[in-house]
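A.B. asks: The chain contents come next:
Protein chains: 4
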Amino acid sequence: MTGSDKEVHHFYAQVYYEDTDHSGVVYHANYLKYFERAREDIIGVNTLSKMWHEDGIGFAVYKLNVGYHDGAVFGEKLDIRTSWVKDGDYRIIFTHEAWKPAAAKPAVSCTLELVCLGPNKQLIPIPTLTFLN
Amino acid sequence: MTGSDKEVHHFYAQVYYEDTDHSGVVYHANYLKYFERAREDIIGVNTLSKMWHEDGIGFAVYKLNVGYHDGAVFGEKLDIRTSWVKDGDYRIIFTHEAWKPAAAKPAVSCTLELVCLGPNKQLIPIPTLTFLN
Amino acid sequence: MTGSDKEVHHFYAQVYYEDTDHSGVVYHANYLKYFERAREDIIGVNTLSKMWHEDGIGFAVYKLNVGYHDGAVFGEKLDIRTSWVKDGDYRIIFTHEAWKPAAAKPAVSCTLELVCLGPNKQLIPIPTLTFLN
Amino acid sequence: MTGSDKEVHHFYAQVYYEDTDHSGVVYHANYLKYFERAREDIIGVNTLSKMWHEDGIGFAVYKLNVGYHDGAVFGEKLDIRTSWVKDGDYRIIFTHEAWKPAAAKPAVSCTLELVCLGPNKQLIPIPTLTFLN
Numbered sequence: 001m002t003g004s005d006k007e008v009h010h011f012y013a014q015v016y017y018e019d020t021d022h023s024g025v026v027y028h029a030n031y032l033k034y035f036e037r038a039r040e041d042i043i044g045v046n047t048l049s050k051m052w053h054e055d056g057i058g059f060a061v062y063k064l065n066v067g068y069h070d071g072a073v074f075g076e077k078l079d080i081r082t083s084w085v086k087d088g089d090y091r092i093i094f095t096h097e098a099w100k101p102a103a104a105k106p107a108v109s110c111t112l113e114l115v116c117l118g119p120n121k122q123l124i125p126i127p128t129l130t131f132l133n
Numbered sequence: 001m002t003g004s005d006k007e008v009h010h011f012y013a014q015v016y017y018e019d020t021d022h023s024g025v026v027y028h029a030n031y032l033k034y035f036e037r038a039r040e041d042i043i044g045v046n047t048l049s050k051m052w053h054e055d056g057i058g059f060a061v062y063k064l065n066v067g068y069h070d071g072a073v074f075g076e077k078l079d080i081r082t083s084w085v086k087d088g089d090y091r092i093i094f095t096h097e098a099w100k101p102a103a104a105k106p107a108v109s110c111t112l113e114l115v116c117l118g119p120n121k122q123l124i125p126i127p128t129l130t131f132l133n
Numbered sequence: 001m002t003g004s005d006k007e008v009h010h011f012y013a014q015v016y017y018e019d020t021d022h023s024g025v026v027y028h029a030n031y032l033k034y035f036e037r038a039r040e041d042i043i044g045v046n047t048l049s050k051m052w053h054e055d056g057i058g059f060a061v062y063k064l065n066v067g068y069h070d071g072a073v074f075g076e077k078l079d080i081r082t083s084w085v086k087d088g089d090y091r092i093i094f095t096h097e098a099w100k101p102a103a104a105k106p107a108v109s110c111t112l113e114l115v116c117l118g119p120n121k122q123l124i125p126i127p128t129l130t131f132l133n
Numbered sequence: 001m002t003g004s005d006k007e008v009h010h011f012y013a014q015v016y017y018e019d020t021d022h023s024g025v026v027y028h029a030n031y032l033k034y035f036e037r038a039r040e041d042i043i044g045v046n047t048l049s050k051m052w053h054e055d056g057i058g059f060a061v062y063k064l065n066v067g068y069h070d071g072a073v074f075g076e077k078l079d080i081r082t083s084w085v086k087d088g089d090y091r092i093i094f095t096h097e098a099w100k101p102a103a104a105k106p107a108v109s110c111t112l113e114l115v116c117l118g119p120n121k122q123l124i125p126i127p128t129l130t131f132l133n
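Protein chains in written order, with the working numbering: chain A, 1 to 133; chain B, 1 to 133; chain C, 1 to 133; chain D, 1 to 133.
Honestly, I wouldn't trust all of these hints.
No distinction is drawn between identical chains; accordingly, a pair holds when it is met within one copy or between any pair of copies.
Unchecked claim - Straight-line C-alpha distance at most 35 Å; calculated DSBU-like pairs for lysine-lysine:
#, residue 1, residue 2
1, K100, K121
2, K121, K105
3, K105, K77
4, K100, K77
In short, the hints are calculated from the structure, not lab data. Fair warning: this is a prediction, and the values are worked out from it, not measured in the lab.
Build the full structure now, drawing on both the sequences and the hints.
C.D. replies: What follows is the structure, encoded as structure tokens:
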């Protein structure tokens, strides 16, 4: 519920058994879950619920790219650092990073484009929302 | 689409990276995914899709119990053996077992009760379906 | 890190997109993830990490049974209420409940037996741990 | 076990309940699981198991980018089309597409770089493997 394109939002994700795989580190697709939890914290679950249930509109991931630099292990608490910017009327660009405790650089970094879909899954302009102010 | 309460249905589940955790074996909750895939194979995805999209009804898990005897590892192809029986008008009881290759007994066994919910999430009688013949 | 067999431990699990399925509620297997997160909070991730990396021992789920009474939806914050008791030298019995906000009874309830496995996956006595005091 | 950089490998992924979210389509991170299953089919699980357990080496995802064009729904059988090419001594580039039945273009497309890590998580040259011939 905090943050803007000028500051960085922090969300903490604990690495649980469910997140790791037999190689000993977090399974590569699971960082996308951490990043989405951070976005839901930023946009607000009440806002998302209301948009979905009352207006039939929802956000959808349109594009993403991820770089993996280090692996997080069971028990670590990751600092998910997110910034974002609205780009035109139709998309928001998020930059996410997953930081291990006391690390000098992010373990995983991601850029992601979010769009908004209406009741018939058609592209609609991003609504006016508090977190975009 | 095959099987009845007199025979055993076989469904094969490959253990992928995504299924394991850092202890080296399949994460305990993921066997429930294998068992559901087997049930969807038994009931038929077309039947399930049609029930859901045309009639607004769906199956729901009501109860389950699981016993864990051995751990499956990456790369194993598990034989999911399932039998089932209709119990009264409102529930179907499934017995699932996950067998590792060349094993003498199941690695994981499960008994599960499935019920049917109508459009308002109310309990309804199990419809007449081919796999129950 | 708190709790004993005399009191109830509270752990809060936010329902994210990743947790739900197309029927609109939390996928049945995912409650087991919430319950495990609660157990990891109770036992302590540092304790679990140390046991695993230094002593090569870990906890394993031996048995569980679950009853599903209501479905949690996106955006809800579930109160996972857990109590536990050591049963003999070799197992701990956990009772977990998932409570929706302002509910009169649990949405999902679970009883689960945890055992301890040594370096060769053999059953070993439960070690002396703070949360069992 | 088939395919080369000249041809396209086909792997079929059934969309199960577990794969979808409450918006009605496959959760965005889960396509990465389908793509990894395809790669494991291409490289061979026996090869991957042997590399891991005997030599202590494994593949790791280094980079990926994904474009989402359409959403897959419960019950669909997706055709995961993959091609790949070795790029220098240290990486393999995979191109994955997820095709819905009877579609004119892919629902999801992905380019992914795989590297190889040795026992101490150091970067090592890609070993000589059949699927790279």
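A.B. asks: If a hint holds in the structure, say so; if it does not, say that too.
C.D. replies: Verification of the hints:
no.	hint	result
1	K100 / K121	between (37 Å within a copy, 17 Å between copies)
2	K121 / K105	between (38 Å within a copy, 17 Å between copies)
3	K105 / K77	both (15 Å within a copy, 32 Å between copies)
4	K100 / K77	both (7 Å within a copy, 26 Å between copies)
In summary, this structure violates none of the numbered hints.
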